[in-house]
Amino acid sequence: MVKIGDIELPDFPLLLAPMEDVSDPPFRALCKEQGADVVYTEFISSEGLIRDAAKSTMKLDIYEKERPVGIQIFGANLDSMLKSVEIVEKSGPDIIDINFGCPVKKVVSKGAGAGILKDIDLMVSLTEAMVKHTKLPITVKTRLGWDHDSIKIVEVAERLQDVGCASIAIHGRTRAQMYKGEADWRPIAEVKNNPRMHIPVFGNGDVDSPEKAMLMRDEFGLDGAMIGRASIGYPWFFREVKHYFETGTHRAKPTMEERIEAARRHLQMSVDWKGERLGVFETRRHYANYFRGIPHFKEYRQRLVTTDDSAGVFQVLDEVYEKFGDYQFV
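The UniProt record's numbering puts the first residue of the sequence shown at 1, with every later residue one more than the last.
Do not take every clue at face value.
[Unchecked claim] The list that follows gives simulated cross-link-like pairs (lysine-lysine, DSSO-like), each with its CA atoms no further than 30 Å apart:
#, residue 1, residue 2
1, K105, K152
2, K118, K106
3, K253, K180
4, K90, K106
5, K192, K212
6, K132, K152
7, K152, K118
8, K180, K110
9, K180, K242
10, K65, K212
11, K180, K212
12, K212, K253
13, K65, K83
14, K180, K105
15, K135, K83
16, K90, K65
17, K132, K106
18, K3, K192
19, K132, K110
20, K135, K65
21, K90, K3
[Said to hold, decoys possible] If you anchor each label on the Cβ, the simulated ranges turn out as follows:
#, residue 1, residue 2, range
22, D121, M178, 17 to 27 Å
23, H198, D326, 45 to 55 Å
24, S125, A311, 50 to 60 Å
25, Y63, E182, 33 to 43 Å
26, T134, T57, 10 to 20 Å
27, Q302, D21, 12 to 22 Å
28, K135, K298, 45 to 55 Å
29, H296, S91, 42 to 52 Å
30, G92, R265, 18 to 28 Å
31, A252, D308, 28 to 38 Å
Since the hints were made in silico from the structure, they are not lab data. Here a beta-carbon is modelled for each residue, glycine too, at the ideal position from N, C-alpha and C.
All chains, full assembly: derive it from the sequences and hints.
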């Protein structure tokens, strides 16, 4: 069993990574149904929360069926982060996660996300203050370091644990790498193998097959996997990993009927939650993976990502099922 604070999870839990404009309630619901053990919200700006910015506060929406669910926030100002903790608490999450890993320039330039990897003392003091400010477990998601020459993740993880961090998820790249090259899980294993570490250590980055998840578990000895890009438009990834763990065999790919149903539900939930325009727009990023591998699909893919109203998209999905309903995925 793995525990985050008092939250009991199965052996080697699978966590849905917080992803901007991806890990919203509709998508989290689909991933939860397909076996995700913990889901996280999109990352939320602490400055946006305390200004009551609509986009930030909307991301606080969570639902009972998602639990355990973590709300992730980012920022570099202590006062703002503490105020945002108080706001987040009112939404009733099970976990509050701090983003110390986002590599995008607009976040890093403010000293937040992976930007804080340049100031480890601040990273630790922010975490400590937040731990003391709430009874909820505070967890951290971060990267190996700012660049190859500044990787001190074993020391960083130990210091975060010592100030009360309840678990740590580590992406196996530096900020300088962004999402290029291969993730290096060896430094994450060094964190886990540190005899002083007793909190869960989760690996993140390039877990895109059941075999890689098993490698992370059995050869690198990590406590769980945080799944990001492999789940976009493919919430079935979680159940496929668990099936592989249990049987050593690959589960049959979801049928066209399952994919159409999931795409329809995803779109409808998004429209219900975000409204017509935004719901249609933000679901588009998922269609390529929902229907990956189908030959002669380009015309339909193009229509799915250019049709501006949900009724039109539902019509395209109906046409897809009519034409490709018997297609066998392998």
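Outcome of the hint check:
1. Distance hint between K105 and K152 is fulfilled; the C-alpha atoms sit about 22 Å from each other, no more than 30 Å.
2. Proximity of K118 to K106 is assessed by CA-CA distance (about 16 Å); at most 30 Å being required, the pair is judged to hold.
3. The hinted pair formed by K253 and K180 meets the criterion: a straight-line CA distance of about 28 Å does not exceed 30 Å.
4. For the suggested pair K90 and K106, the alpha carbons sit about 28 Å apart, so the restraint of at most 30 Å is met.
5. Under the criterion of a C-alpha separation no larger than 30 Å, the hint pairing K192 with K212 is consistent with the structure, at around 18 Å.
6. Taking the CA atoms of K132 and K152, the gap is near 25 Å; set against the 30 Å cutoff, the hint holds.
7. Straight-line distance between C-alpha atoms of K152 and K118 comes to about 11 Å, which keeps the hinted pair within the 30 Å bound.
8. Pair hint K180 plus K110 holds up; C-alpha atoms about 23 Å apart against a cutoff of 30 Å.
9. This hinted pair checks out: K180 and K242 have alpha carbons roughly 28 Å apart, not beyond 30 Å.
10. Between K65 and K212 the alpha-carbon distance is near 28 Å, which keeps this suggested pair within the 30 Å criterion.
11. In summary, the hint linking K180 to K212 is supported, as the alpha carbons are separated by about 18 Å, within the 30 Å threshold.
12. At most 30 Å may separate the alpha-carbon atoms for a hinted pair to count; K212 and K253 meet this at roughly 18 Å.
13. Annotation: proposed proximity of K65 to K83 holds, straight-line Cα distance about 27 Å (limit 30 Å).
14. A C-alpha spacing of about 15 Å is found between K180 and K105, which places the hinted pair at or below 30 Å, so the restraint holds.
15. For the hint pairing K135 with K83, the CA-to-CA distance comes to about 15 Å; that is within 30 Å, so the pair holds.
16. For the hint linking K90 to K65, the alpha-carbon distance of about 18 Å falls within 30 Å, and the restraint holds.
17. Distance check on the hinted pair: K132 and K106 sit about 29 Å apart at the alpha-carbon level, within 30 Å; holds.
18. The suggested pairing of K3 with K192 holds, with an alpha-carbon distance near 15 Å, which does not exceed 30 Å.
19. Among the hinted pairs, K132 with K110 is consistent with the structure: their alpha-carbon atoms are about 24 Å apart, no more than 30 Å.
20. Under the criterion of a C-alpha separation no larger than 30 Å, the hint pairing K135 with K65 is consistent with the structure, at around 22 Å.
21. Distance hint between K90 and K3 is fulfilled; the C-alpha atoms sit about 23 Å from each other, no more than 30 Å.
22. Checked against the hint of 17 to 27 Å, the pair D121 and M178 passes, with Cβ atoms roughly 25 Å apart.
23. Between H198 and D326 the beta carbon distance is about 53 Å. The supplied range of 45 to 55 Å therefore holds.
24. One distance hint, 50 to 60 Å for the beta-carbon pair S125 and A311, holds here, with the actual separation near 52 Å.
25. The hinted range of 33 to 43 Å is satisfied by Y63 and E182, whose Cβ atoms lie roughly 36 Å apart.
26. For the pair T134 and T57, the supplied restraint of 10 to 20 Å holds, since their beta-carbon distance comes to about 18 Å.
27. Separation of Q302 from D21 is about 21 Å and conforms to the stated range, judged on CB atoms against 12 to 22 Å.
28. Between K135 and K298, the C-beta spacing of about 52 Å keeps the proposed range 45 to 55 Å intact.
29. A C-beta distance of roughly 45 Å is found between H296 and S91, which places it inside the suggested range of 42 to 52 Å.
30. G92 and R265 have their C-beta atoms about 24 Å apart, which keeps the hinted 18 to 28 Å range intact.
31. Our hint of 28 to 38 Å for A252 and D308 holds, since their Cβ atoms are close to 35 Å apart.
Checked against the numbered hints above, the structure violates none of them.
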